[in-house]
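Participant: From first to last, the protein sequence lines are chains Y and V. Residue numbering for the first sequence follows numbering that gives the first Met the number 0, beginning at 0 and increasing consecutively. Residue numbering for the second sequence follows numbering that gives the first Met the number 0, beginning at 0 and increasing consecutively.
Treat the hints with caution; some may be incorrect.
Each pair may be met inside one copy or between any two copies, as identical chains are not told apart.
Below, in silico cross-link-like pairs of lysine-lysine (DSS-like), each with a Cα-Cα straight-line distance of 25 Å or less [stated by the list, open to error]:
no., residue 1, residue 2
1, K41, K19
2, K70, K19
3, K41, K27
4, K41, K70
5, K27, K70
It should be emphasised that the hints constitute simulated quantities derived from the structure, not laboratory data. This one's a predicted model, so the numbers in the text were calculated from it and none came from an experiment.
There are 2 protein chains.
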Amino acid sequence: MAVEVVYRSSRDPERLFMDKAEADRHDKMLELAESLAGVLHKAVPSLSEDQVEELGIFMARNRDTFARAFKNQPDALGELFAEAE
Amino acid sequence: MAVEVVYRSSRDPERLFMDKAEADRHDKMLELAESLAGVLHKAVPSLSEDQVEELGIFMARNRDTFARAFKNQPDALGELFAEAE
Chain Y
0 MAVEVVYRSS RDPERLFMDK AEADRHDKML ELAESLAGVL HKAVPSLSED
50 QVEELGIFMA RNRDTFARAF KNQPDALGEL FAEAE
Chain V
0 MAVEVVYRSS RDPERLFMDK AEADRHDKML ELAESLAGVL HKAVPSLSED
50 QVEELGIFMA RNRDTFARAF KNQPDALGEL FAEAE
């Protein structure tokens, strides 16, 4: 038996990471997802809490692709489901 | 009476512009909005057509803010409703 260090984001306490950098990436992703959920809910009030949460997490997980799409490459979005199929 | 040139995006034929650059910006905005609506609908299938269209247009109209948020400034999103209030 031994004591070991694990890391977690306070936004998602159940998910533990052995690697601090990975916990930090997870925390940053959730931070962006929460901000997105907030503005999207204000923009389209008919969305449910679950829907804005799903939208936020989907976009935050794919933030690099969305960054390119919003900057000047709308075609970048085509990659999102091409990979999954 | 005189003949004059007006411009429009084929994506939104009812909206006419006197200025070609403005018509072009409108077309680019709608192009991005359509791409966004498509991927968001695949990501969150419970959304309605109207909801994904509203989301796409809202984000495409604010594309510079979203570009910064996705790149490395999630706080940029705070500006979106601060201005309106």
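Participant: If a hint holds in the structure, say so; if it doesn't, say that too.
Facilitator: The hints, checked one at a time:
1. Taking CA atoms no more than 25 Å apart as the test, K41 paired with K19 passes in neither setting, with 33 Å inside one copy and 32 Å between copies.
2. For the homomeric pair K70 and K19, the shortest alpha-carbon distance between copies (22 Å) is at most 25 Å, but the shortest distance inside one copy (30 Å) is not.
3. With identical chains, the CA atoms of K41 and K27 are at most 25 Å apart both within one copy (22 Å) and between copies (24 Å).
4. For the homomeric pair K41 and K70, the shortest alpha-carbon distances inside one copy (23 Å) and between copies (22 Å) are both at most 25 Å.
5. Taking CA atoms no more than 25 Å apart as the test, K27 paired with K70 passes in both settings, with 20 Å inside one copy and 12 Å between copies.
Taken one by one, the earlier hints fail for this structure only at number 1.
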